[in-house]
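Engineer: What follows is the residue order along each chain.
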Amino acid sequence: MDAWLRALTFSTGYNTSLVTLGAMLLGASAGMIGSFILLRKRSLVSDAISHATLPGLTVAFIVMALLFGDGRWLPGLMIGAGLSAAFGLWGVQHISERTRLGEDSAIGAILSTLFGLGVVLITVIQAMNTGGQAGLTGYLVGATAGMLAGEAQLIAACALLLLIAVFMLRREFLLVCFDAEYAATNGVRAQRVDMLMLLLLLAVTVIGLKVTGLILVVALTIIPPVTGRFWTDRPLRMVAIAAICGALAGYLGVTLSSVRTGLPTGPLIVLSAFFLFVLSLLFSPRRGMVAMLAAHYRFKTKVHLRQGLLALARQEAIYDALTLRVLRRHGFIRRDNVPTPLGLAAARDAEHEEQLWSLYRSLYPDEAAHLDHLGLEPISDCLPPDTVMSLESRMHPPLRSAL
Amino acid sequence: MKASRIDDPAISRSPLAIQGLTVSYGQKPVVYSVDFITPPGSLTAIVGPNGAGKSTMLKAALGIKRRLSGEVLVYGEPYEQQSCHVAYVPQRNSVDWDFPATVLDVVVMGLFRDLRWWQLTRRHHRDMALECLCRVGMEAFAKRQIGQLSGGQQQRVFLARALAQSADLTILDEPFAGVDAATEKAIVEVLKSLKRQGKTLLCVHHDLSTVRDYFDHVLLLNVRRIAAGPVDKAFTEKTLQEAYGGRLSSLQLEQIVMPSATTQKV
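These protein sequence lines are chains A and B, in that order.
The numbers in the UniProt record's numbering rise by one with no breaks, and the one at position 234 of the first sequence is 234.
The numbers in the UniProt record's numbering rise by one with no breaks, and the one at position 109 of the second sequence is 109.
Since the hints were made in silico from the structure, they are not lab data.
These numbers were taken from a predicted model, which means no experiment stands behind them.
Possibly wrong hints are sitting among the right ones.
Claimed, not checked - Cβ-to-Cβ under 10 Å is the rule here; a few derived chain B residues that face chain A:
1. Gly63
2. Ile64
3. Val72
4. Tyr75
5. Cys134
6. Gln145
7. Gly147
8. Phe158
9. Arg161
10. Gln165
Beta carbons: idealized from backbone N, C-alpha and C, even for Gly.
Working from the sequences, and respecting the hints, build out all of it.
Structural biologist: Listed below in C-alpha cells is the structure:
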C-alpha cells in the first residue's frame, strides 16, 4: 500500500515517473482513437491489428538477434510489429472488399493465422539460444518494470504525437463516423479518413506493445470509449472522457505494477480500465444502472399516483397494491383506504389537470405528439401561460354547469 | 467538344449540370447517360418509379457513388473543386440515430467545412446553428439527443444542417418520406423561402400529387431521362406514362395531371 502511494505521487524515481507518464499518454491516445473506431463500429479491427503484430515482432527480433546479437531494441521491434500489423490490415481490407466474406470473418481469419504464425516463430526464437529471449514475453502482457529511460521517452513522445494527430483530425473523423456519405459531400473522403483512423490505431497498438502487451492493448482502445459513452451524449465530449479514462487506467495500472516486481503491467492497466467501466456502468448519473433504476422507480410511482388520484376523483375502487401504498404515503388515503380531505383535493386537481391535457391533445394533436411525458407533468410547467389560460376558459362553461 | 460544352452559358450558370452520367451496379446500369442542366434559382423535383435511379443519380453527382462515365459541373467547373457550393440532405435512414450527439451537434457539422483544426467551436457557431434550427422550427430541441426525435424532427434537423452550409444549391433525397403533415408543410416553407433568396433546390420526390404544388421544374427519370423542364411542360400524362411504364392507372394519372387542366380553364 505504501509502495503504491509513493508510486501514485510520482516519488519512486525518474524512470518510474517517466513510464507512468508514458502509459498515461498512451491510454489517452488509445481512448481517443478508440472512441472514433467505436463510433465507426469497427472495434473488432483493433483486435485484428494487435494479433497481427506478433509475427512482425518475432521476425524483427530474429533479424536483430542474428545481426547484432541482441534482439531487444524497442524501435526495431515496433517497426517490425507495425509492418506485420499493416500487412494484416491490408489482408482484412482486401478480403472484405474483393470477396463475399464480411469484415468480421476476414478479421477472424487473418487474426488467428498471423497470431499462429507469431507463436510458431516464438518457438523458433526459443530454440535459437540467443540473448534476451526471456524479455519477449514482456511484449505479450506488458512489462514496464525494467524499462529503459529511452524506451519510456520514445513511448511518451509517440503517444503525445498521436494525441495531437487525433485532435487535428477530430472533425473529419466525426463526420465520417456519423455519416460517411454526407462527409463525402463535404469533401471528406471516407476511404482516406478510414485509412488514417486505422493507421493511428495501428500506431497506438505498436506503441502500447511494451506497456500493455500486444493482446491487451485492445482493451485500452475499447473499454475507455465505452466508459465515456456512459457520461455524455455528445460526441467530442465522449472522446475527451475516453481519453481521461484511458490516462487514468494507465496511471493506476503502472503504479500498481510497480508495487511488487513481476506484476504484469498490461493486465493491471486493463483491470483498472475495467474498474472505471464498472463504476460508470453503475453510477453514471444518467445512463448508469442505479440512476436508471431510480428514474424508472420515480416514473412508476408518478404514474401510479396519478392513476390513483384519478380513481379517487372518479370514485372507482383501487386494487393495485403499489397505487394504494403510494397514496397512503402521500397521506391521500387512510389506512382503511378511505380518502382523506387532502386526498380528495388532490384528486380534484389531478382530474382538472387531466381534462386540460386531454383538451390540449384534442385541440393541438401535432404539438401534443411532440411532448413525451404523457401529460404527467403539471400543464403550467410545460405550456406557456396564455395557452393554459385559453384552455381553462374553454373548459369553464361545462364546469360551471356541473356545479 | 468538352470545352465548347463548358462555354455553353446554360451550363456555366447552372449550379449543377450533369452530362452523360452513367452509374452501374455490376454490369447493370441503374442510371444511363443522363443529361440534366439544373436551372439556377429553380425548385426542381426528380420524379420516377422505385428503382429508377433517382437517389443513385444524385449520389453519383455528389461523388458519393462512383460513376462509370459522364461529368458533373458546378457553375461550369468540375464538382470536386466546387463542392462547397452544394449542400446535401440525405435520407433519414442513412445514419445511426443512437449516435452520441445532440441536435445542435448535428447542425454544427454543417459548419465544419469552414473550421480549421485549431479552431474550437465557438458561441457564434452555435448561434448560427441555432438560427438554422429556428428556421425549421426546432430551436426548442437543440439539446435533445438525436435518438429521441420523431422521424419528421430528424428530417428537419438534417435540413437545418444543410441550411448551416449556406450553399447555393441544396440537394434533398426524399425529404418528405415518412414525415408528418406539419413537418412537410414546414419543409416546403423553408424550400420556398430558399428559392425566394435565389437559391437552387433539387429534390428527389415520390409523391406525384404534390409535384405541382411544391415545384416549378421537374426531371422525370427511369434509368434514362424521360423528360425535363418546367412542370407545366414536362409533367404531363404522356411523360408520366412513359416514366412509369403503365404502373399508374389512368385514374391516378388523371388526378395527378388534372390540376393543370383546371387552372388552365380558370
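Engineer: Tell me if the interface restraint on Val72(B) is satisfied: Cβ within less than 10 Å of some Cβ in chain A.
Structural biologist: violated (12 Å)
Engineer: With 10 Å as the cut and Cβ atoms as the points, is Gly63(B) at the interface with chain A?
Structural biologist: Since chain A brings a Cβ to about 6 Å from Gly63(B), closer than 10 Å, the hint holds.
Engineer: So, as I understand it, the hint says Gly147(B) touches chain A; can you test that by seeing if any CB pair is closer than 10 Å?
Structural biologist: With a closest approach of 9 Å, the Gly147(B) hint holds.
Engineer: If you take the shortest Cβ to Cβ gap from Gln145(B) to chain A, is it below 10 Å?
Structural biologist: Interface hint status for Gln145(B): holds (5 Å vs cutoff 10 Å).
Engineer: Mind checking the CB of Cys134(B) against every CB in chain A and telling me if the closest is under 10 Å?
Structural biologist: violated (16 Å)
Engineer: Next item in the hint list is Tyr75(B). Is there a CB on chain A closer than 10 Å to its CB?
Structural biologist: violated (16 Å)
Engineer: Is the interface hint satisfied for Gln165(B)? The criterion is a beta-carbon contact with chain A at less than 10 Å.
Structural biologist: holds (8 Å)
Engineer: Verify the interface restraint on Ile64(B): the C-beta must sit less than 10 Å from at least one C-beta of chain A.
Structural biologist: holds (5 Å)
Engineer: Would the hint on Phe158(B) be counted as holding, given a Cβ-Cβ threshold of 10 Å to chain A?
Structural biologist: It holds, given that the least Cβ distance between Phe158(B) and chain A is near 9 Å, below 10 Å.
Engineer: Hold the hint about Arg161(B) up to the distance rule: shortest CB distance to chain A must be less than 10 Å.
Structural biologist: holds (8 Å)
The structure is inconsistent with the numbered hints 3, 4, 5, although it conforms to all the rest.
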